[in-house]
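Trainee: Here is what each chain is made of, one letter per residue.
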Amino acid sequence: MIRLLASNAILVGLVISVLGAILLPVAVNRGRRDWMMLGYAAVYTNFVLVTVATLALVWGLASHDFSISYVAQVGSRATPTFYGIISLWGALEGSIVFWAWVLGMYAAAVVWFNRKREGNLVPYAATTLLLVVLFFHILLVGPANPFHLVSPVPFDGPGPNPLLQNHILMAVHPPLLYLGYVGLTVPFAFAMGAMLSGEVASDDWIRLTRRWTIVAWGFLTAAIIAGMWWSYEVLGWGGYWAWDPVENASFIPWLTATAYLHSVMVQERRGMLKLWNLNLMVGTFVLTILGTFLTRSGIISSVHAFTQGTIGYYFLGFIAVVLLATLIMVAGNSDKLGSTGTLDSALSRDALFLMNNLFLTVFMFTVLIGTLFPLVAELVRGVKVSVGEPFFNRMSIPLMVGLLFLMGVGPALPWKRSTWPELRAKLIPGVILGLLLGAFGIWAGARNPYSILAFTFAGFAAAVNIGEFVSGANARVRAHGELWPVALSRLISGNRRRYGGYLSHLGIVLVAVGVSASATFRTEREATLQPGETITLAGKTLRLKGVWGREEKQRSVIGATMELLEGTKVVGVVEPRMNYYPTSAQPVPTPEVRTTWSGDIYLNLMAFKQDGSTATVKVIWEPLIPWIWFGGLVICLGAIVGVLPARKRVSAEADADGATVAAAGSAS
Amino acid sequence: MNWKRALIASATAAPVIGLLAWGMTRDPNNILSPLPGREAPAFQLAVFAPGQGELQRPMGDTVRLASLRGKVVVLNFWASWCLACRDEHQVLSIVAQSYAGQPVQFLGVLYNDVPDKGRAWIAEMGGQSYPSVDDPGARAAIDYGLYGVPETFFLDVNGKVAYKHTGPVSAGVLRIKIDSLMAAGAAAPAKGDSVTGDSAKAVKAGTGR
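These protein sequence lines map, in sequence, to chains A and B.
Residues in the first sequence are numbered consecutively from 99, following the working numbering.
Residues in the second sequence are numbered consecutively from 929, following the working numbering.
Please note that the accuracy of each hint is not assured.
DSS-like cross-link-like pairs, simulated, lysine-lysine; straight-line CA separation at most 27 Å [said to hold, decoys possible]:
1) A:Lys434 to A:Lys514
2) B:Lys1092 to A:Lys482
3) A:Lys707 to A:Lys643
4) A:Lys643 to A:Lys667
5) A:Lys707 to A:Lys651
6) B:Lys1045 to A:Lys651
7) B:Lys932 to A:Lys434
8) A:Lys482 to A:Lys434
9) A:Lys667 to A:Lys638
Incomplete in silico selection of chain B near chain A, CB under 10 Å [to be verified]:
10) Ala937
11) Ala939
12) Arg1014
13) Ile1022
14) Glu1052
So the derived label-pair ranges between C-beta atoms look like this [as the list claims (entries may be wrong)]:
15) B:Gln972 to A:Val481: 20 to 30 Å
16) B:Gly981 to A:Val146: 51 to 61 Å
17) A:Lys643 to B:Gly1073: 33 to 43 Å
18) B:Leu1011 to A:Ser711: 52 to 62 Å
Derived by calculation from the structure, the hints in this document are not laboratory data.
Cβ coordinates follow ideal geometry from the N, Cα and C atoms, glycine included.
Bound-form chain A, shown alone (with noise of 0.2 Å):
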């Protein structure tokens, strides 16, 4: 029943999206207004229907309705409910189901808040989005169907997979990064409707879709930092990156999403870079695209590997079609894209978003080159290879050192030009605590030229981000006497945008701090254990109390309890564990972290012996890890303060801003 509601709801979306993609660019050149209208309530009427897909296959794993298949391909009757329900994006089928509502959400806000705005943008910018909506449509009803009808029924399913229920941040990591994937079809569809319409000379379109770009990065972003911890919580070895391919998939739209976050304002204030961002807006759409078949096709060896099908194909006519289409339309259109304006001086603001967009765009490429090299490699030598984290490390961590030092002097400098007397004064505290900060690293024992120098440069542009609040708000004291907490609260709220991202470069820094720390100063020790023995390391003594084992409905679970020891007395008991899943071969480490100020204990159940009479555990000291997580979140915070609405005084510049009145509605 709910199986074959579920599946019309989505042969009727289909439908619907072809339609309306039909209807709004005849409307469009018939000058229509009230078809306009019809091809709009196509979006909603589909984001509806996906709506109740979706439920009826959240309904589906939440009541073990085994007949739907995929249900009964990731379901079982002893996965806790919660565990059993957030499997909807634990395998293929209901990931493609996720993000077509997802998809379908952010096609409905996107026509509503901009329904009114006259022009051809808006029409042309919702075909797009129906046309992609119609790909992820033609996905459920072929390869990704996960409505198909088991029979007989079965009785029981062999649930998700181990690690997809071992942690809380399964709910958290993969939401936010839909969310982020998915929002970056927005200011792709902006762009085709700029170009479509032929407004993409007016800089216009660039306003209304600046900010879907930020909540999408910010998304993106949050994502990320919390897939770094889920992995670093969950797998067992004690770090939280590894350059595998799915996580370089998210990253590579990243770098060009925060790319265009930055060269976009050289063109509202100076009126360059127009063709280049309008390259690095479609680029980031097709990046995720491609980032979205090399995972789901089996393209490429990955851990995060999905079951394979002939999505794979899909996904390639996808990639095709799109890239033929920007390319066309891109280049079709580089006629229209001229600069106005020029850069004056390399020592200017405008200057350093350009170095800014090379440092990013070439480590977006290191990134996509290691990561599609195998691939190269065996169509050129027809040998295997794999590409890890040496190359990766070695090419990424002196254009990250490069980028934090640009991070630093790209606040301090003005628009145009600047003179060096101007300069010193903004530098000099950034100089001051870069240097400190650099001594420290060296003091604390960094030897390597490169994690000396990420310590000094995160002072650095600590400094001069900070420098750049104070120094406003003092201004602000200065020429209207308000008290200091609310010159800066106005200073924020003045500008938003301006310090919302210098609010994102410190949690930046935060981040670059904690991941250099860890990567310099990270101990590990591995002992075996008998209870009552102790292990010693970085100065923390922890003792063996005891091992255990507990059935639990869906796993059994062996644990080792540690003591952790100050002097004789216990402080703290943390408890690593080895879940035993019955579908997996190989039990899923379950580490214990104890997150303390300068850093975390993280400990891991490597063997015991049956009957208790000891356990080898590995002790790892993490110095500064909880900073990444942190960062992430003031980076975050950073990307809310850019979206908030602007003050009533200002909204002049807002109304023109459709996602304006969605932050204010949700505000409200």
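Starting from the known structure of chain A, arrange chain B on it as the hints suggest.
Mentor: Relative to chain A, chain B alone:
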């Protein structure tokens, strides 16, 4: 629209799409099993589902790979939680039945599952003609380098792995492989245990319950 530029730009897409299309013809996980041509890893596993009629083996009977010399062995790894195993279940059962009385041994190996659930599954699927053994701790699965279920290994009369099939197996594949292995076995009789000796053993095991 500047069509000339558009045309040039769109030509740059060709190599990228070409590379990805070529990549689709590859399977990065398809690292060939090193087993075919080698001695099959030995095992001794207990029967938990006896099978039916002629092909039956007693519950709890220990099946040793060594005792199956002289027969073509079809080793099918499966689990009750495996959806694809449902597809091949009937095919295996019927084909096994059709080789009854010939030197062919079908054996199911339960992978990461509980015998009770395995038996319930067999009952639900309408029975299975040949016996299945339990593989506690997935020892045999590890020895055979199992990547997932279902996987089916074909062993020749000398106890060597001749062929490995990944995913649900079809009647055609089963018959072709079994027939060719039986023909090869008849042309060059098994070393060590002779065919007759082995079937005598099987009879003994059958009467010993």
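Trainee: Return the numbers of the hints above that this structure violates; sort them in rising order.
Mentor: 8, 13, 15, 18
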